[in-house]
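Q: Okay, here's what each chain looks like letter by letter:
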Amino acid sequence: MGGEVGGKGQVTIFIIIALLIITGVIIAFFFYGKFDILKPEQKNPRQFIDKCIGDAIMPSVGMVLENGGRITPANYLVYKDKEYNYLCYTPELYKTCTNTYPRLKGIVEEEIKQDADERVKNCFDELKLDLDAKGYSVSDEGIDWNVEVLPGKIRINVNKAMEISKEGNSESFNEFNSYLVSHLYELVMIAREVANQESQYCNFEYNGFMILYPEFKIYRIDYDNNKIYKIIYRKSGEEMDFAVRSCAFPGGF
Amino acid sequence: MDKRVIESGIEIFLLVLASFAFAYIIYENDKPLIPLVKAQSTGQVGCCQQLINGAVCSDTSQDQCASGFSGGVLCSGSSSCSKVCCEDLNVGTFDKNVPKYLCEDNAAQKSYPNAACNVPGAKLGCCFFANGDTGFITSGQCDFEKRNGRVNESMAWRGDVSEVLCVASSLYSDIRGACITGIAEDGRKECKVVTREECVGLSGGANFYAGALCTAEALNTTCEKTSETTCANGKDEVYFKDSCGNSANIYDSSKLNNNSYWESVYSKSESCGYGNGNGNSSSCGNCVRTATNGGLCSSADENNFNVDGGDFYCKKTSCTYDGTTYKNGESWCGYDGVIDSGDDVVGSRHFRYICSEGEIQVEPCADFRNQICVQQDRLNDTSTSYNTAVCRTNNWRKCIDLNGGKENLTAKCTAELDCEITKINLGKSFKFDVCTPRYPEGFAFNANGQESATSICGLATRTCVVLYKAKPMGGCEIVENGDCLEARFTTEMNDLCRSLGDCGLEANYIGDYTKNVKLSKAKGFAKDYIAKVVALAVPTKGKYADIGKVEKYIEAAGVNGADLPGSGGALLGEVSSLIYSSDVNADNSGSGTGTGNVISGEVVGGGVTGMLVTSDPGTTFVPYKQALSTGGVEQQVIGSLFNSETGTFMRFVSAGESLPFSAGSGAVSAGSTVSVASALSGTPASSVASTALSGMPATSTVTGAIDLGTISGTGAGTPSINLGTISGSTPAAATKPIAPTPGMGGFIGGVIGGVLGNMIGSALAKSLGLSSTGSFLMSTGMGLVGSALGTAAGAMVTGGASSFAQAMSMNIILGINPTMILIVGAIMVIASLFFGGGECPPKKVTFTCEPWQPPAGAGKCSMCNNDPEKPCSEYRCQSLGAGCEIVNKGTGNEKCDAAVDDGKAPEIKVDGNLIMAGNNTYENTSTGFKVTNQNGGCLNAFDMFAFGINTNELSQCKFDLSEKTFDEMDFNFGSNYYSNNHSMPFMLPNLEGCGLNWTGDLTLYAKCRDRFGHESGYYTVDMCVSNGRDTKPAMINGAYPGNASLISFNKTSQDLIVFTNEPSECRYSSQNKDYELMENQMQCENGCEDQTVLGFGCSSTIPLNTTNNIYIRCKDQPWLNESNDRNANQESLNLNFRKVSSKIAIDEITPDNEIETNTELTNVSLNVQTSGGGNIHLCKYSFSGYDNMIDFNDFDGNKNHNQEFNGGLLPGDYRIYIECYDETGDIARNSTVFSIFLDDASPLITRVYRQGSSMSIITDEYSNCVYSTKSCNYDFDNASEMYGIGTEHSFETEAGKRYYIKCADAYGTKPYRQSCSFGGIVSSVY
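Read top to bottom, the protein sequences are chains A and B. Numbering of the first sequence is given in this note's numbering, commencing with residue 417 and proceeding in unit increments. Numbering of the second sequence is given in this note's numbering, commencing with residue 254 and proceeding in unit increments.
Source of the hints: derived by calculation from the structure; they are not laboratory data. Be aware that one or more of the hints could be misleading.
Think about it this way: if two alpha-carbon atoms lie no more than 20 Å apart in a straight line, the pair counts; the simulated SDA-like pairs of lysine to any residue are [what the hints assert, rightly or not]: (1) B:399 <-> A:633; (2) B:1142 <-> A:499; (3) B:768 <-> B:784; (4) B:1217 <-> B:773; (5) A:633 <-> B:768.
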């Protein structure tokens, strides 16, 4: 049959296919390079900032959870090489402790903001540099931002005016608010409750509390007239640790 | 003077010092028995708000303060550091007990003086969230949640729902169903299993199918059944999971392929294993965490559990401890050994265990048994046993404290929590009660702890005096306190000792015991008793500490469910009276007082042997044997005379002992002193120069015969008895051998028989306890009997008689035949039996209770680390061995480990500073040091001074007056605990006051032993007491009560005691005059054993109705009677007692009427004003009467007293009983009655009327009113305000409109958001 393809034809076909593949790869490489230059976040700075701020905040959230509401514990107990911030403390014997962290939620928010401030600002610097590098014109103003610890989440409110323009087109931004899923609020509220009860009764009946509120797990370690509380939100595994010294007894007398 | 005698005297003195050491501590230092310990010294420098270390509101020095320093002000009195309630205005939360300055440093906060937050806004209620959850929070917090869009507007916040109901509302509001959220590309529906509320948020709620699952076939969703399982937030159960990720029904492996099980929601009761917790079930996920076999959804992988399907299972939540299974949430107590009744062992601790979801959490109660674990089996709603345990404060301090007062001790003690009466009843005059803690406290092994321990253990240091009387037929019989000589005394006293704390013979928690008691004349511990003590280290299963009668305290405190405050405050007590009374039975009599001219004195209980005086130049006193150490060993040989002329010893015996060597028929003892010249030396009479011990020449000498010598004796204060001379009857024939004759044989036989008879008689008299007369008659009679028999026997031997009867009738001596002698002797023997009643001195039996010390060594330290359920602590560790110590302290990784043992005995050095501080000096010697006065001379008797030694490692040190082994040494160098510094007060006695004229040297032999048992050699302390006549008058060391002391208003007399530094007689007068002219003699205790560390006491009762101003003078050396050598004070001690001008009175108590409140609990501030009385006023209160009163937490002693009830009082009627007292002991009582009315209702609108376009309303109480035209559901704060204040309000209206009115009262109480005030919906119709 004249229509049959011979051996040489087959080779030709293979060569053509190979060329097509190579061409495709080159084209794909070309387009890939194009994607690399036009990152999605450059198209949507909000997404970039959202992710960046989330990454900036999370370490601070972890630290305030670990250090009883502070980035760096102020008055703390050392137990097994770890520092536990006192939320309620008295240096005296027999006496109930003094609740040293009223407005704990506010303090936690301030601590997070202070600790993450530079990183959050860096997010915008990074965005600007990146956009500049890609030929965007960016004009911005100062940043004002805060953290709100809310039930089930952390809201980061960023007020920053930013205008991005290129080739006659521009887009303006005034705020970059983002959320993090966290139960820091719930943990802070329980820590408050522990401190309040310890300051009044020298005790927090965590066992009964756990039965009533099973979504939380509470460990207590009694150590040298101190109590270390570890509060865990079961679902997320988030844990807040702190110490209390209340109604201490003298050693032998 | 014999050194032994001196030592005896000094030993007594030392015992006295030791006995009164406790009293000294109390009296001299004016410190409480159980000191309040502060973790940090206040230093009186100032209150700091923010310390450098991050702490807040602490008293500290300025350099430790970061900010807010107030010099000279204590934080307790600082306004900025006062505790307040702090509201977070942003969130609506209220925090209790916040330092005021911390609450006022931020505009977002508001402070309330009520630190316990009994303020209206702080009331907790139930906040209903939009998703069906609830929160038990404040209304402000609920508003905060609302602002964040979480709150169900229709229900919002309810203040009348309890926390349990609120949580239950959340659980039961969770009616789930399938919620269609959209349409998938394939046309099937997208679905979520949620509550209706949640469905509203997801899709508006229109497509909610209650009770259906997304896998229901009819719904045609994208969700399909799977074999996967999951846990749900806040739920116990394991659920199947559909392909959309929804939780379906409870996991049941048998229903994986059961289609109907995937159609609709099955309730718990319809699911598998209902009624069982399903813990560790592989097939059923119907977990109930609180059930007996409880379970909770957990990952099977993480727990290596094989489950039939899915990845989750009901992980067992119950726990097993010591063979008992506990449900989740149950708590129970664990102990180291037997508890209660004072049996808690050293190093032991109470532990609380909690079963927390299958894990046992350990909660150690406060160490040193400052807390005890109490347990109670409760019935829960399923009527099954449910254990609840709690660590609560151990009230041991109060028990010890109560011993300070004697009145109604039993009643007070038994009524007190954790206290019990320990009764000692070992005799008529040795019975007493001590209030002891049921759970005795532990003592720290550091110096502070041990010093306090010494004081407390000392409560069980007692001396029992066993009294005897002579029996008519001889011998002594016990008339009082005989049980003190039995084993009962030792064991019962040790039980008392143990019950006071870590004292006495006691075991640690691993069963190793040490004996920390000293026994004097008491029986030792029997093995079975020690075994019983050791067995206390094994806990008794099922035995728990008593919860105690806390109700009365709660009642007295008026506390509503709040914990009782720790009892740490009430520590102070006058234990001194008890201590002083501890020796009420002590009888210090018995000192030797005889002064006969041969040997005088009696050796009686506690006495000192007499002195030997002999004028015979040929005799010297040779120490023979120590007569006694402490308390007198009766009838011991105390010495002998060596006659250098004869080369013979003459033996001396003390009272009651018959002469062992008597001569012929005439050799008898007399009185308390017996002596005899050697008669049996075998030396011919002619060559024997008998020596009369009295110094008198022999009253007769028979030449050529054996000289029987002169026998004389003098009892204590009794004339000498001279029996005269009994001579042989045979003429002397110095140069001619004496042929044996019946007479001679009889005579020799008589002598031998007489001697033997006398010996037997003496021994018999002694065994019968005959008096001196009886002893004389017995020994003489027996001597005569023996002599008669001997004479007869001699006559027979020499052939003078052919038969015994013949011999007995021969006139051998002076025409007297043996029969007559026999008869006379027999009569004397019989007569002697009527002269019983020898000396029967009392016997003092002493039990000294000392703080418990760990066994030497460090071999068992690691045992502290082995039990994770009973974590180690410093106290536990150190109780295992003196060489054990905690390493990695303060890191949480503490381990009990052995300290470094250098393998050497401790090195001892003198503490020179201590000696120099007492204005004395010292010099080192080759074996120790010597203490001298500043001039290098001897020390004055009765001058108190201190000396001490230091060791290069922790050691116990002891000393004695002679070289003994460490364990045999009688005296602790300071205390018995391990320390580097060992010091003690010391006073050289003037033994002249004890009947001894001693001035001389004294050497103490000390030894120290380290924690590993390495013992030093002897370390000597040399000193001497000054010679010479005493020319200084006695010094009055102190008086109680002291000058200017206040006296009770009603008192008509005052007991007074003064202490002098040497035995003295004291007098007092209302005028300052010479001692001799003073009219009133005081009662002085001047015996050698009466001496205390404070000196010798003289007491009297001063009538106060005649004078409150007295002068006291004393005169020393009372034993000199009227001698001019005595010295009287030239100046008086003036004591001016001040009787209070009026008795303490309670002038005012507030509150005393009605208190209106709008909170469930109301803080009440109780204020009491007192007047009159002394300078220090203190008050107590009780809600239940005057029996169980509680000290005000206000100890400044002024006349304004305040007690805050910050826990809050419930509405109701109250009577509070008040008792105030001053330092004179006077008390005043009164009570106050008041009521608390709860007004938590919002104002009612009682009248509405219109005046033109203005609408007016009248409320039933002062109010602030607002209105809205929309509905009742509006924010009060954002609504339109009405005009007017008080109860009348008005606003402008428009015709035809309806107005919704809300009014808030003065406390801010207003209707709930969705409600209007009662009568507050009005229409304006013109």
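Q: Look at each hint and say if it fits the structure.
A: Here's how the hints hold up against the structure:
1. B:399 <-> A:633: Roughly 27 Å between the alpha carbons, so the hint for residue 399 of chain B and residue 633 of chain A is violated.
2. B:1142 <-> A:499: holds (15 Å)
3. B:768 <-> B:784: Holds, at about 13 Å.
4. B:1217 <-> B:773: Cα-Cα ~17 Å, so holds.
5. A:633 <-> B:768: violated (48 Å)
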